[in-house]
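J.: Chains A and B supply the protein sequences, listed in that same order.
Following the working numbering, the residues of the first sequence are numbered contiguously, the last one being 361.
Following the working numbering, the residues of the second sequence are numbered contiguously, the last one being 272.
The hints are simulated quantities; they were obtained by calculation from the structure and are not laboratory data.
Don't be surprised by glycine CBs; every beta carbon is placed ideally from N, CA and C.
The hints are all genuine.
The list that follows gives simulated cross-link-like pairs (lysine to aspartate or glutamate, DMTMM-like), each with its CA atoms no further than 20 Å apart:
| no. | chain 1 | residue 1 | chain 2 | residue 2 |
| --- | --- | --- | --- | --- |
| 1 | A | Lys242 | B | Asp263 |
| 2 | B | Lys165 | B | Glu176 |
| 3 | A | Lys348 | B | Asp206 |
| 4 | A | Lys348 | B | Glu232 |
| 5 | A | Lys348 | B | Asp221 |
| 6 | B | Lys141 | A | Asp125 |
| 7 | B | Lys30 | B | Asp153 |
| 8 | B | Lys141 | A | Glu73 |
Away from chain A, derived, C-beta distances all over 10 Å, residues of chain B:
| no. | residue |
| --- | --- |
| 9 | Val9 |
| 10 | Ile20 |
| 11 | Lys30 |
| 12 | Asn33 |
| 13 | Gly34 |
| 14 | Gly39 |
| 15 | Ser56 |
| 16 | Gly112 |
| 17 | Asp153 |
| 18 | Lys156 |
| 19 | Lys173 |
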Amino acid sequence: MSDLLRLRDMDVGDPRREQRLEDIRREAERRGKLQVVSTRLAGAPFPQASPDTGYYGIPLLKQPPWTWEIPLYFFVGGAAGAAAVIGAIADYTGADRELVQHARWIAAAGSVISPALLIADLGRPERFLAMLRVFKPQSPMSVGVWTLLGFSSGAAAAAFAGFLSDRYGPSLPVKVLENAGQAASMLFGLPFSNYTGVLIGATAIPVWNHNAGYLPLHFAASGLGAAVGILELMGHRKSRALQALGLGAAIFESWQGLRIESRSHDHLDPLKHGPSGLITRTGGVLSGPLPTLLRVASLFGGERRSSKLRKWASWSAIAGSLITRFAWVHAGHVSARDWRLPLKDRSPAHQQLQGSH
Amino acid sequence: MSVTAFLTDSTLCIGCKACEVACKEWNGISEDGLDWSGFSYDNTEAVGASTWRHVKFVEEAPLPGFGGNAAEHNSWSFSSDVCKHCEQAGCLEACPTGSIVRTEFGGVFIQPDICNGCGYCVTACPFGVVERDQKDGRAFKCTFCYDRQKVGLQPACAKACPTESIKFGEIEDLRREAQSRVEELHRRGMDDAAIYDPLDTSVEGTHAFFIVRGDPRTYNLPPAPEVPTTYLKKSWRSSAIAAGLLLGGTLVAFLSDGNRSDGRGR
Numbered sequence: 005m006s007d008l009l010r011l012r013d014m015d016v017g018d019p020r021r022e023q024r025l026e027d028i029r030r031e032a033e034r035r036g037k038l039q040v041v042s043t044r045l046a047g048a049p050f051p052q053a054s055p056d057t058g059y060y061g062i063p064l065l066k067q068p069p070w071t072w073e074i075p076l077y078f079f080v081g082g083a084a085g086a087a088a089v090i091g092a093i094a095d096y097t098g099a100d101r102e103l104v105q106h107a108r109w110i111a112a113a114g115s116v117i118s119p120a121l122l123i124a125d126l127g128r129p130e131r132f133l134a135m136l137r138v139f140k141p142q143s144p145m146s147v148g149v150w151t152l153l154g155f156s157s158g159a160a161a162a163a164f165a166g167f168l169s170d171r172y173g174p175s176l177p178v179k180v181l182e183n184a185g186q187a188a189s190m191l192f193g194l195p196f197s198n199y200t201g202v203l204i205g206a207t208a209i210p211v212w213n214h215n216a217g218y219l220p221l222h223f224a225a226s227g228l229g230a231a232v233g234i235l236e237l238m239g240h241r242k243s244r245a246l247q248a249l250g251l252g253a254a255i256f257e258s259w260q261g262l263r264i265e266s267r268s269h270d271h272l273d274p275l276k277h278g279p280s281g282l283i284t285r286t287g288g289v290l291s292g293p294l295p296t297l298l299r300v301a302s303l304f305g306g307e308r309r310s311s312k313l314r315k316w317a318s319w320s321a322i323a324g325s326l327i328t329r330f331a332w333v334h335a336g337h338v339s340a341r342d343w344r345l346p347l348k349d350r351s352p353a354h355q356q357l358q359g360s361h
Numbered sequence: 007m008s009v010t011a012f013l014t015d016s017t018l019c020i021g022c023k024a025c026e027v028a029c030k031e032w033n034g035i036s037e038d039g040l041d042w043s044g045f046s047y048d049n050t051e052a053v054g055a056s057t058w059r060h061v062k063f064v065e066e067a068p069l070p071g072f073g074g075n076a077a078e079h080n081s082w083s084f085s086s087d088v089c090k091h092c093e094q095a096g097c098l099e100a101c102p103t104g105s106i107v108r109t110e111f112g113g114v115f116i117q118p119d120i121c122n123g124c125g126y127c128v129t130a131c132p133f134g135v136v137e138r139d140q141k142d143g144r145a146f147k148c149t150f151c152y153d154r155q156k157v158g159l160q161p162a163c164a165k166a167c168p169t170e171s172i173k174f175g176e177i178e179d180l181r182r183e184a185q186s187r188v189e190e191l192h193r194r195g196m197d198d199a200a201i202y203d204p205l206d207t208s209v210e211g212t213h214a215f216f217i218v219r220g221d222p223r224t225y226n227l228p229p230a231p232e233v234p235t236t237y238l239k240k241s242w243r244s245s246a247i248a249a250g251l252l253l254g255g256t257l258v259a260f261l262s263d264g265n266r267s268d269g270r271g272r
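Just chain B, same shape as in the assembly:
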């Protein structure tokens, strides 16, 4: 039993969506309609209650010129998104029922038999991953294939990925692998390749990190995600001051009211 992680290497992704299909099929997630978004080949748009793996398609219009594939083709890149399984997880901290737990593999798991659909985890996720299923009523997100990991199998998406763009393994091994992969990409001239793993934010790193080229924001990955518990101190201090003011103010108001015992009238 070890602490595990996903490494999603977008430089290897071919946009086949096998991970989306495998995830939906293994986890028995309901279909969510067939709508054309008009955003490249991405008709799923975002991870959510019924989409736990989601392939993003980033497209840029052809640049005039030659060389590479720039002249006739768009530049086109893909990256499979997933719950980040944060080290400091906003959803887990916010959950009032204790339904959301950290598993022995380090992932963040919503126990479906306990969740009562309060929806607070939805507002607490800095990555916009968790969503309440409006039909079912409960909150859903990637389970990190807890069921498969428990019997020693890798998650369905990683198993189905034909290019090993989604890698699964022990977290420290994968962090090293990500580092050496980025170094290799740099040697090959892709000097904009970088690891996305917000270690220096209050999220303190994730169990699903990414190798992306260019700016991570291209893939809707926030540069500075914050776990909402960072606002607790400020907020509760304000609450305590408010309670003090209410108590003190009410006391003063009534004590200084000389007519308080007969002050009523219609």
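The shape of chain A in the complex, shown without the other chains:
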């Protein structure tokens, strides 16, 4: 009791408490009764939250539980899928056999590495086959696993059959296997190279779902840039088709980078600020403007200079693609940690209300 009295004595003269008395008087004058906070019969005032306070700033959303395998899987899958498409089209249009075989080997390597990465990231890797007990079109993960299965089978078959026919000469069963595998790897490779954009786009993570309509395009261009880069590093630096594809992918990536940079939205903040912003921008520059410049420069001058510049453009695009995938996953973590984003009321009615104040 005496403690309480002493505390109260210390409070005498506190301007906040004096202001409080003023408020009570004004309220009583105005309404004839007291309805100010804390004098209500109903009890104590209730805390009013705002998106900035949240609940002690504890994140509302959970961060993705994935480790490094998943962004690497995005990179490998993107490059392998695009390589399968390049290989098949090169074959159908009569491009040289070595380019076709190299593209197939990239796809085949991806067909082994991709599932290995996906399985390694599972909490219970031994239960991977549980993925194959259902097909759910509404789950991008389910669609993706079946696509991966089709792609891996096709790409592995095409590369293996190509190897057999190069080594032991053509035969009908090998040819059938080669053509069927190639067609499958192309058909499944088309969605396989970009479905990971759908995978992270259709989630509750703000920075991802805000870009749901853009990520698959972005990931497809990134995968194409990497596939062309790997092929050129394998020696195909005279192919005009690859040059055109690499340039196209780099220009597309530059445009997409500009698109993000020119838009302002709090959901996009992890792509622009802090360490995640730095990684995203590094990946963006290496995938877009830098290879664009190098490839344009390689169009002029001698053969040796051109080859050298294309080599650098390839390294840049591959590194850019790899960094971009890690950047998006990292940005997802930053976005999930930000409690303010899901607490903002973005309904049109609410925004109108805010606007009228």
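With chain A's structure known, arrange chain B on it following the hints.
T.: Quick look at chain B alone, frame taken from chain A:
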């Protein structure tokens, strides 16, 4: 067999955490360490793999003045959080193994013998409920005491709650009860009491709704949760365009390359 729900009435919660204890004990959930968060009496912080009921403690520093309990005491409110068991559940739609199912009681249940820990449900939950247990590898969340409901018992948390702050029953009955309770609270002067049940969002309502005073955001309850399947159409359209561009672009690139058959060189 009826469709059931939780009604968690925060105006009746005394913050005793009996629901947390009962849930952990009934379901045999592992302990998750003893850390002091510094956030009022809340040292659990959020629902997750090893916390399926979680009592939130919302505290405001004393306001100078008199009346009510404002002078010497903090305003202090509690609310027991739980998986919302959404009508349109993001985790259920996202699960690629079919491990997550809707039970005959309307709850959302992870079958532990099927889950392979892909973690996709974690990113799909707009309430941040599901979590992958890093030691066990699988995803976990409230089971709505499916085992108890199957034999006609109420969930452990509801049974252990000493103030009936956690009510369990048939969903339509509870929706009516919530309505009349809020009306009663309004009559008693608590005109900031409201039901949190996001019926008008893509989640289409929940099987665990709440009565809270003030802004639901105080309790980390999102004002506009969206089930991530709403982004599918936009996303797959982009994917189809990307596939078309890749196919068309590659075709054009190779067809227009006159030297394609001898274009290789080191």
